[in-house]
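Novice: Okay, here's what each chain looks like letter by letter:
4 protein chains.
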Amino acid sequence: MSETPVGIVGFSGYSGAELVSLLSKHPHVEPILLEHRDSGDRPRPLGHSGPRRLPCSPDSIRSAGLAAVFFATPPEVSMQLAGPMLDAGAKVIDLSGAFRLGTTENYQRWYKESHTQPELLKEAVYGLPEFCRSRVAVARLISNPGCYPTAANLALKPLIEAGAIVREFGIVCDAKSGVSGAGRKASLKTSFCEVTENFSVYSIFDHRHVPEVLRTSGLDESEFSFTAQLIPIHRGILETIYFRASEKIASADDLLAIYRGRYASEPAPEPFVRLYPPGQVPDLQAVAHTNFCDIGFKYDEKTRRAVVISAIDNLVKGAAGQAIQNMNLALGYPETAGLL
Amino acid sequence: MSETPVGIVGFSGYSGAELVSLLSKHPHVEPILLEHRDSGDRPRPLGHSGPRRLPCSPDSIRSAGLAAVFFATPPEVSMQLAGPMLDAGAKVIDLSGAFRLGTTENYQRWYKESHTQPELLKEAVYGLPEFCRSRVAVARLISNPGCYPTAANLALKPLIEAGAIVREFGIVCDAKSGVSGAGRKASLKTSFCEVTENFSVYSIFDHRHVPEVLRTSGLDESEFSFTAQLIPIHRGILETIYFRASEKIASADDLLAIYRGRYASEPAPEPFVRLYPPGQVPDLQAVAHTNFCDIGFKYDEKTRRAVVISAIDNLVKGAAGQAIQNMNLALGYPETAGLL
Amino acid sequence: MSETPVGIVGFSGYSGAELVSLLSKHPHVEPILLEHRDSGDRPRPLGHSGPRRLPCSPDSIRSAGLAAVFFATPPEVSMQLAGPMLDAGAKVIDLSGAFRLGTTENYQRWYKESHTQPELLKEAVYGLPEFCRSRVAVARLISNPGCYPTAANLALKPLIEAGAIVREFGIVCDAKSGVSGAGRKASLKTSFCEVTENFSVYSIFDHRHVPEVLRTSGLDESEFSFTAQLIPIHRGILETIYFRASEKIASADDLLAIYRGRYASEPAPEPFVRLYPPGQVPDLQAVAHTNFCDIGFKYDEKTRRAVVISAIDNLVKGAAGQAIQNMNLALGYPETAGLL
Amino acid sequence: MSETPVGIVGFSGYSGAELVSLLSKHPHVEPILLEHRDSGDRPRPLGHSGPRRLPCSPDSIRSAGLAAVFFATPPEVSMQLAGPMLDAGAKVIDLSGAFRLGTTENYQRWYKESHTQPELLKEAVYGLPEFCRSRVAVARLISNPGCYPTAANLALKPLIEAGAIVREFGIVCDAKSGVSGAGRKASLKTSFCEVTENFSVYSIFDHRHVPEVLRTSGLDESEFSFTAQLIPIHRGILETIYFRASEKIASADDLLAIYRGRYASEPAPEPFVRLYPPGQVPDLQAVAHTNFCDIGFKYDEKTRRAVVISAIDNLVKGAAGQAIQNMNLALGYPETAGLL
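Chains as they are written, first to last, in numbering that gives the first Met the number 0: chain A, 0 to 339; chain B, 0 to 339; chain C, 0 to 339; chain D, 0 to 339.
Wrong hints could be hidden among the right ones.
Claimed, not checked - Restricting the straight-line Cα-Cα distance to at most 30 Å, the calculated cross-link-like pairs of lysine-lysine (DSBU-like) are: (1) A/Lys111 / D/Lys90; (2) C/Lys121 / B/Lys188; (3) A/Lys24 / C/Lys24; (4) D/Lys188 / A/Lys188; (5) D/Lys111 / D/Lys90; (6) A/Lys188 / D/Lys184.
What the hints assert, rightly or not - Only part of the chain A face toward chain C is listed, based on derived beta-carbon distances under 8 Å: (7) Pro42; (8) Arg261; (9) Ala285.
What the hints assert, rightly or not - Ranges between beta-carbon positions, derived for each pair: (10) C/Lys184 / D/Ser113: 30 to 40 Å; (11) A/Glu265 / C/Glu2: 17 to 27 Å; (12) D/Arg134 / C/Gly101: 53 to 63 Å; (13) D/Gly64 / B/Leu187: 51 to 61 Å; (14) C/Glu246 / D/Ser245: 23 to 33 Å; (15) A/Pro54 / C/Glu246: 40 to 50 Å.
These aren't lab readings, by the way, just hints derived from the structure by calculation.
Source: prediction; values computed, not measured.
Glycine included, each C-beta is placed from N, C-alpha and C at the ideal position.
Can you make the complete structure from the sequences, with help from the hints?
Specialist: Okay, structure coming up:
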């Protein structure tokens, strides 16, 4: 059976390289590298040329018949190139923040620059499949969620919808990420000697991913305290989420029931969300190199304090894997194709 | 000038080795290794025999005239040997949890075993010099604080005393530690391949260090949510502390003023607490191999949400360094001797 | 199509877990966990039970119809259980050193204990597919090569056979391995704090893997200087191999021609050996999580000094991946099934 | 007693920061930061301003009366500024490669650019104290050795002088370094995700430090095979050195006797070289944060093959520590001042 070609812009970054690696094993598509200012090539074994390469242009999309194009690029590149690619007939799945925030005002506030494609921003569908599956299936332009919001929203949204949280006490999301979340570029901040044997806080309250959580979860900014921190590892995000449970939650089983109702109910349990028995929580090795979001929690009945741990691989469920999940939905393949 | 001999029991563990290393550079004392089930010796260069060694016994203490003995041992060893060492005339500085919790009931609850030395427990002085300096100076038995409580209490106690925190909203202390905090022993949980490229949660609500924070800060258990997590690094503790500020705190400067009043006021500023300008926070490299506790914070005036970062080297201010600070007080040396 | 069941003894170690992970994605077989003193289970998500489990016994083999059994166990376990498994009708692929050294004398010398199964030792086929493919295909008992010898023999054997090396000058093999090579067990030597920010030598001349290289390559002990060293990483082996080239080797292209003749010649190039252009060499990230052995080199024509770099993932080509490659040959599947 | 001021140019790099840190604890000198294109400042605690700062100019040297100036800068900066600093009356200790190679031709060959200060090059004294102590003491311009050559020369020079090595068989020096050896600057090659879980070779035969070894040891280029490799750690160099011993060396004790004769003989044993019993070798943790060069070895009498391990902290004995050792000699302080 012939494979459908799909393109990747920004294939030499960490998310882009993960896309290429995962798509190379996908049963239904063939990845094509769309060359656009890529750099940092590594030595290549003789005779191992890797995927096909084409110039990054609408003509390439048309002549090669690409069904979809992934952008693993800075938002300004996505804004500039998404339109022409859509016009050339490809679905676009954008891994940058360009199309996540709904309004130009929101984008301006958090990304500190003007949005140049307000029409596309309006059209874009936020691709968190667990909550937007049907809209993703018919979208032309899919905005792939940020890594931190993916872990936060999957952990919080079912609880918020069920009224399980006393919101006025505030929700704390203490988030930790591996270094690949910062992208593949020369920077003193991510250089080895600055990161190893270290742990550092790089954003309190004002991370660009905060508005994605607010928009999806319905929380108010004052209710959600988010801190982003750097772990000296390559990949992985773990979020430790603290809240006071409402009176509906008499026991840990009540929390579990909410999660199971949302993620584990027959006939169609979520394929990429895994729950743990109360009191047990995932670590990052549990999700490394997988598209799973693992959720565990501990609940103190007496004081109604809860801690939820949400863990993902930032390059997979937090980027490339979720993008492929979205592509599968948009192109009509089984949602888990190439991801299990 | 001749140096006063002091002993170390448990010198081959990480805290014990740090004690030996720091004491070797101390201007007024000479470290003596007191041999008691030590193991894991490393290859030793020819002619570099290290400090003197003696059997770990009251006779050694007497005949060598040790002024103080440090215990970097499990609590059951400290309980067993502290009394005889005191009887032999040495001051005792215990780095274990044996004498930290004030009552045998409290010890039983958190350490899951009976306390065998209730009299010593009653006598012991908790050695957080910034808050108990004068009592340490006259103590026979000093209980050196745990690593996590040191960072938490130094960050929280001034704010609590000043009424700066809305306690009923709860204080979250998301704590992260390097692996040396687990001690030097063979264990699958701290083996390299389980820890590297990982980040894991090992205690939610029920860590043994929680009651030390409650006892020192005056917080109630329901007001203090503590999670202990493992960073893939050797040394360092960083705590991210979240709370809602009371109406007294109109701005970041109000918080800073409280900290400065407590730690930076003339004529005797605290030598081992460093404050950062509002909005700036320490990382772990800032405190590595030092006896400093670095405190920085960010404050959102509009919503009165605050995040405080408290960072220490768990083996220095969180163990050996603070123990030497206590020794300096107890033996009448300048408090900073051997520590700057 | 139904999948053929195969068993894994020792599935909770690092090589065993890698086998389970790789076999779970294999198109033709189903992995069965054979329970035998396994330990160290990690928290498991709800509803994710993992592969089937059976007791580790000949009855299991027979009743479940296992076509092959992998031993990722210490050699004494392999020696004890291989015979009964063979008698029960399974092919056996042993990842330990039990059957690698050909003679009981050799085993006694390097493993410091008696070999209890001399008949099986005689029968065992050494499973380095690039050099023993046809014998592996008909073997009952396959001895999977050690990690270090795999990298060394693939780099050296073609050159030795071609007479490219001045053997009397000696070959230096400076070998570095990630920590997973030491197995998954509690040990102070592999505990995080002993390994991180460190690099250590653990065997000079006398590593158990030396005789495997001698036996396969035909080198004499005096001609091969081998040092084993520990890198603070999870997985990967890189060997830096030094020798003086013979007069046959006028240029780097002559060395490349030897390697290409052996590994890259049509119609059947080796699927798991990759060569680099002269002057370029692989690093460990190039082979991580793959079954490739990557070989690159630099040659100084004037002095005829050569340095060859050979890199593998010790858990894949150095253990589980090569074991599956051998299984594919022994059970008649395509050699690369489940491995690309 | 007042402290003598000394200056540091390039104080924000890793070697420069190590100089500042070590000099701050030195009993006889006060470090002054000489500002010259420094960058990458980290958050600084309130009231902790660090050492005095002056503009990097001859006037500063004169008016502040600096006795010595350290250059922890690229060679072109050292070449440009060393002369004016000497003219201003300071001794200069240069940590770059600018003045190490003796001739402009040698410099041109290995550094690929012209040397602009041939007179200074001629004047410069190579500061390996163990072999050039008396010349350092009277030098105006001291060229501090490279990190790799320090470890290599201390291990090899005594053996070569004693005729203990069969040179025509070749000496292999397989060298591994932590990442700080590459300096503190933004670079993709030293970014965390490229280095962690990796081990890579970055120079075979052609490293700039090779000629320093040849010049000091007297070896010919064809006799010395040097490979430089990157370990995922912050600091440390370990070199594994292979050679065939001459007939003079009947046993390991003969090798040890040579080393002891050179480094451990009374009345003035070398303070910074430590030897290990035959068969025992150092690892990097043994020398971290120290000015020691630790040397151990293993000898196979039957085949006369020897492996020597030489370990240093590249930022201390390989840079800042050795520079201070040289300063101590040049300014007449005890050689070990500030370094033990």
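Novice: For every hint, state whether the structure bears it out.
Specialist: These are the hints, each one checked on the structure:
1. A/Lys111 / D/Lys90: violated, 50 Å
2. C/Lys121 / B/Lys188: It is violated: about 40 Å lies between the C-alpha atoms, which goes past 30 Å.
3. A/Lys24 / C/Lys24: holds, 11 Å
4. D/Lys188 / A/Lys188: holds, 14 Å
5. D/Lys111 / D/Lys90: The hint holds at about 28 Å.
6. A/Lys188 / D/Lys184: holds, 10 Å
7. Pro42: holds, 4 Å
8. Arg261: Not OK, violated: A/Arg261 not within 8 Å of chain C, min 13 Å.
9. Ala285: holds, 7 Å
10. C/Lys184 / D/Ser113: 30 to 40 Å: Distance hint for C/Lys184, D/Ser113 is violated at roughly 58 Å.
11. A/Glu265 / C/Glu2: 17 to 27 Å: About 25 Å separates the Cβ atoms of A/Glu265 and C/Glu2, which means 17 to 27 Å holds.
12. D/Arg134 / C/Gly101: 53 to 63 Å: Distance hint for D/Arg134, C/Gly101 holds at roughly 59 Å.
13. D/Gly64 / B/Leu187: 51 to 61 Å: holds, 60 Å
14. C/Glu246 / D/Ser245: 23 to 33 Å: Cβ of C/Glu246 to Cβ of D/Ser245: about 26 Å, so the range 23 to 33 Å holds.
15. A/Pro54 / C/Glu246: 40 to 50 Å: holds, 49 Å
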